[in-house]
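*Asks:* Okay, here's what each chain looks like letter by letter:
2 protein chains.
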Amino acid sequence: MALHIEKIEKSKISEVDFNNLKFGQVFTDHMFECDYENGEWQTPKIRPYQALSFDPSAKVFHYGQAVFEGMKAYKDDNDDVWLFRPDQNQERINKSAERLDMPPFPKDYFFEGLTTLIKMDSDWVQKGADNSLYIRPFVISTENCVSASSSNKYKFMIICSPVQAYYAGEVRVVFADKYSRAANGGVGYAKAAGNYAASFYPAKLAAKEGYQQVLWTDAANHEFLEEAGTMNVFFRVNDTLLTAPTSDRILDGVTRKSIIQFAEDKGIKVEVRPVRVTEIIEAAKKGELKEMFGAGTAAVISPILGFAHKGEKFELPKIDDSYASFIKKSITDIQRNKAEDKFGWRFQVK
Amino acid sequence: MALHIEKIEKSKISEVDFNNLKFGQVFTDHMFECDYENGEWQTPKIRPYQALSFDPSAKVFHYGQAVFEGMKAYKDDNDDVWLFRPDQNQERINKSAERLDMPPFPKDYFFEGLTTLIKMDSDWVQKGADNSLYIRPFVISTENCVSASSSNKYKFMIICSPVQAYYAGEVRVVFADKYSRAANGGVGYAKAAGNYAASFYPAKLAAKEGYQQVLWTDAANHEFLEEAGTMNVFFRVNDTLLTAPTSDRILDGVTRKSIIQFAEDKGIKVEVRPVRVTEIIEAAKKGELKEMFGAGTAAVISPILGFAHKGEKFELPKIDDSYASFIKKSITDIQRNKAEDKFGWRFQVK
Numbered sequence: 003m004a005l006h007i008e009k010i011e012k013s014k015i016s017e018v019d020f021n022n023l024k025f026g027q028v029f030t031d032h033m034f035e036c037d038y039e040n041g042e043w044q045t046p047k048i049r050p051y052q053a054l055s056f057d058p059s060a061k062v063f064h065y066g067q068a069v070f071e072g073m074k075a076y077k078d079d080n081d082d083v084w085l086f087r088p089d090q091n092q093e094r095i096n097k098s099a100e101r102l103d104m105p106p107f108p109k110d111y112f113f114e115g116l117t118t119l120i121k122m123d124s125d126w127v128q129k130g131a132d133n134s135l136y137i138r139p140f141v142i143s144t145e146n147c148v149s150a151s152s153s154n155k156y157k158f159m160i161i162c163s164p165v166q167a168y169y170a171g172e173v174r175v176v177f178a179d180k181y182s183r184a185a186n187g188g189v190g191y192a193k194a195a196g197n198y199a200a201s202f203y204p205a206k207l208a209a210k211e212g213y214q215q216v217l218w219t220d221a222a223n224h225e226f227l228e229e230a231g232t233m234n235v236f237f238r239v240n241d242t243l244l245t246a247p248t249s250d251r252i253l254d255g256v257t258r259k260s261i262i263q264f265a266e267d268k269g270i271k272v273e274v275r276p277v278r279v280t281e282i283i284e285a286a287k288k289g290e291l292k293e294m295f296g297a298g299t300a301a302v303i304s305p306i307l308g309f310a311h312k313g314e315k316f317e318l319p320k321i322d323d324s325y326a327s328f329i330k331k332s333i334t335d336i337q338r339n340k341a342e343d344k345f346g347w348r349f350q351v352k
Numbered sequence: 003m004a005l006h007i008e009k010i011e012k013s014k015i016s017e018v019d020f021n022n023l024k025f026g027q028v029f030t031d032h033m034f035e036c037d038y039e040n041g042e043w044q045t046p047k048i049r050p051y052q053a054l055s056f057d058p059s060a061k062v063f064h065y066g067q068a069v070f071e072g073m074k075a076y077k078d079d080n081d082d083v084w085l086f087r088p089d090q091n092q093e094r095i096n097k098s099a100e101r102l103d104m105p106p107f108p109k110d111y112f113f114e115g116l117t118t119l120i121k122m123d124s125d126w127v128q129k130g131a132d133n134s135l136y137i138r139p140f141v142i143s144t145e146n147c148v149s150a151s152s153s154n155k156y157k158f159m160i161i162c163s164p165v166q167a168y169y170a171g172e173v174r175v176v177f178a179d180k181y182s183r184a185a186n187g188g189v190g191y192a193k194a195a196g197n198y199a200a201s202f203y204p205a206k207l208a209a210k211e212g213y214q215q216v217l218w219t220d221a222a223n224h225e226f227l228e229e230a231g232t233m234n235v236f237f238r239v240n241d242t243l244l245t246a247p248t249s250d251r252i253l254d255g256v257t258r259k260s261i262i263q264f265a266e267d268k269g270i271k272v273e274v275r276p277v278r279v280t281e282i283i284e285a286a287k288k289g290e291l292k293e294m295f296g297a298g299t300a301a302v303i304s305p306i307l308g309f310a311h312k313g314e315k316f317e318l319p320k321i322d323d324s325y326a327s328f329i330k331k332s333i334t335d336i337q338r339n340k341a342e343d344k345f346g347w348r349f350q351v352k
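Heads up: the sequence lines are chains A and B, in that order. When we follow our numbering, the leftmost residue of the first sequence carries the number 3, and every step to the right adds one. When we follow our numbering, the leftmost residue of the second sequence carries the number 3, and every step to the right adds one.
Hints listed in this document are in silico derivations from the structure and should not be mistaken for laboratory results. You may find that some hints are simply not true.
[As the list claims (entries may be wrong)] Calculated cross-link-like contacts (lysine to aspartate or glutamate; reagent style DMTMM-like; alpha-carbon spacing at most 20 Å): (1) B:K180 <-> A:D103; (2) A:K206 <-> B:D57; (3) A:K315 <-> A:E225; (4) A:K9 <-> B:D57; (5) A:K206 <-> B:E100; (6) A:K9 <-> B:D103; (7) A:K180 <-> B:D57; (8) A:K331 <-> A:D57; (9) A:K206 <-> B:D250; (10) B:K14 <-> A:D57.
[Unchecked claim] According to the in silico footprint, chain A covers these stretches of chain B (three or more CB under 8 Å from chain A): (11) 44-54; (12) 133-143; (13) 167-176; (14) 287-297.
For each residue, glycine too, the CB sits at the ideal point set by N, CA and C.
Here chain A stands alone, though its shape is the one from the complex (with noise of 0.2 Å):
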């Protein structure tokens, strides 16, 4: 496949300060950049990071028609850099822009758009355990016209962005009743743009109560825990993990299935079926609910402390023996070449 490539004059990496990184804010020198016109993806390019122009009517502005993906490089001690299943990214692209009617971006384009755009900006993977880089796939619609209808015209990008270690802070949650993010036969499953910009008021007003995030529950009955914020979300009942299975409500995380295989080579028990917000509740009433914990690529495992569900309110137990952090440890290990590789999840970037 023909890469038109064109390099920055001069780096900016000199400007910034890794130490003192927002998430999301910073982005390397070049982009990858691929439009879809007249049936077809064009030729794909990668050039330096800018602004682009586009037209008021851009239909991405009005019907939301846009899907991404978010993963990680890792730089390692031999200034190695690694990729965690991409594969699973650039399949889920795909899912996600067919439920969004948009077409598929070929795999080979996409591999070697990312990859060569890694390899040029490979200085702003930064060495070290609190350092990634965060890796921002996207395709949104780009035809000029106010008709409420599928674009025909796409672009795909890919932009990078180097961040610190994630913490949100300690975290608790509320059980949604009210609010939902997703129903049966929606686009919950998808990383649909629109997915998200649902959630910021209901977490808003969670956060106003003192919750740093929703989780969310099935929109027919509020009686299954389904997502924590923008995460897939585990419990731990006794030694034992439960999390929903996946359908066109929930997203097929990567970082979720990564966690069920290894928790299950572990000789953890996981129980993948529906969780019902009562069992949750009486698993904590009887002090069997030993864990909660989100899971996604920016912080791969980000434990719950506590819970409130109509007006009352549970507070996890501290423990020593947390499933949460042995499978932080592990994922991260693997994910930056520091443990054996058995399920073969990394990728390197040469």
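Place chain B on chain A using the hints.
*Replies:* Relative to the frame of chain A, chain B by itself:
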């Protein structure tokens, strides 16, 4: 209020063939624009219609935090220009914005921007029963950051596109029994960008089966009929009009509420209540389902000639005393200053 105005040097109107317009692809000479920064809306401006520069990390591209409105302006035989209930659109865009955690746009900015823009581009509002100016106010999130949270910067815009009579061809619909548009606790009632993207794929599947629109049902059980494509929907059973009540799943359509008020004033019985799939099928089988139609700004009323439900097909009868035709003509005459405006719906741009 201050409104900064920069006029075009030369109008592009002479390049436009007003007899061959595709919906929403041609725009007038100017656009209205106002940025939200540092917690407040800045000085609004009208300037030549043009593409704008956006960073690839602008939140609107990633999280779909965007809302819009649709309005129309009409020119009567005296060259006076009229809007239809613009107060409703002004209120609704702020309701939509609130649900997506976006700041409200001040009413005086909205009206000053809207009317000044239309006056400047009034040559683009063509006379004649088939012509109007479609007006698209919208708000997008413009902070440059790929963190999944509300933006701290926004852009409110109004762009205008001359359009001809909206004719969608013969419309038959399929009742949704798998996909869904909106759920309780979701954003279905808002004109949120992501709602539209989510409907494109089910609409494509319907089109493959020969249906021009999806008639959306409730996400929980697909028991109730809620919206038709991007429009509200009405059913005439015998001589009674039925339409679903507004809710967090259903848009509070300006055309919808105008039809209800107009019909009731004319002595037509209107029932605003949940409409069951089963009752409409039963009515169709008994020959009591006389009409179905969509209601929205673009078409005012769009008759639906038939429908399918789980493979079963129904064709509506041809009738002489169509409510749809009567109401459409009556409301259109009010909009175009050809009939008395007893409800105070018209708004002159002067």
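*Asks:* Going straight from one Cα to the other, do A:K206 and B:D250 come out at no more than 20 Å?
*Replies:* holds, 18 Å
*Asks:* Would the pair B:K14 and A:D57 pass a check requiring their Cα atoms to be no farther apart than 20 Å?
*Replies:* holds, 16 Å
*Asks:* Can you confirm whether the C-alpha distance between A:K180 and B:D57 stays at or below 20 Å?
*Replies:* violated, 35 Å
*Asks:* When you check the alpha-carbon spacing of B:K180 and A:D103, does it fall within 20 Å?
*Replies:* holds, 16 Å
*Asks:* Do three or more residues of the stretch 287-297 of chain B come closer than 8 Å to chain A, measuring C-beta to C-beta?
*Replies:* It is violated: at least three residues are needed, and the stretch 287-297 of chain B offers just 0 whose Cβ sits closer than 8 Å to chain A.
*Asks:* Cut-off 8 Å, C-beta pairs, minimum 3 residues; does the coverage of the stretch 167-176 of chain B by chain A stand?
*Replies:* n = 0 at 8 Å, threshold three: violated.
*Asks:* Has the given pair, A:K206 with B:E100, been kept, meaning a C-alpha gap of at most 20 Å?
*Replies:* holds, 11 Å
*Asks:* Quickly compare the C-alpha distance for A:K9 and B:D57 to 20 Å and report which way the hint goes.
*Replies:* holds, 18 Å
*Asks:* Examine the stretch 44-54 of chain B: at least three residues should have C-beta closer than 8 Å to a C-beta of chain A.
*Replies:* The restraint on the stretch 44-54 of chain B holds, since 3 of its residues have a Cβ under 8 Å from chain A and three suffice.
*Asks:* Does A:K9 pair with B:D103 here, judged by a C-alpha cut-off of 20 Å?
*Replies:* Not OK: A:K9 and B:D103 at ~39 Å, beyond 20 Å, violated.
*Asks:* Given the hinted pair A:K331 and A:D57, is their alpha-carbon gap at most 20 Å?
*Replies:* Violated, at roughly 46 Å.
*Asks:* Can you tell me if the stretch 133-143 of chain B counts as covered by chain A, using C-beta to C-beta distances under 8 Å and a minimum of three residues?
*Replies:* That given contact holds, which follows from 5 residues of the stretch 133-143 of chain B lying within Cβ reach (below 8 Å) of chain A.
In summary, the structure is inconsistent with hints 2, 6, 7, 8, 13, 14 from the numbered list given earlier, while agreeing with the others.
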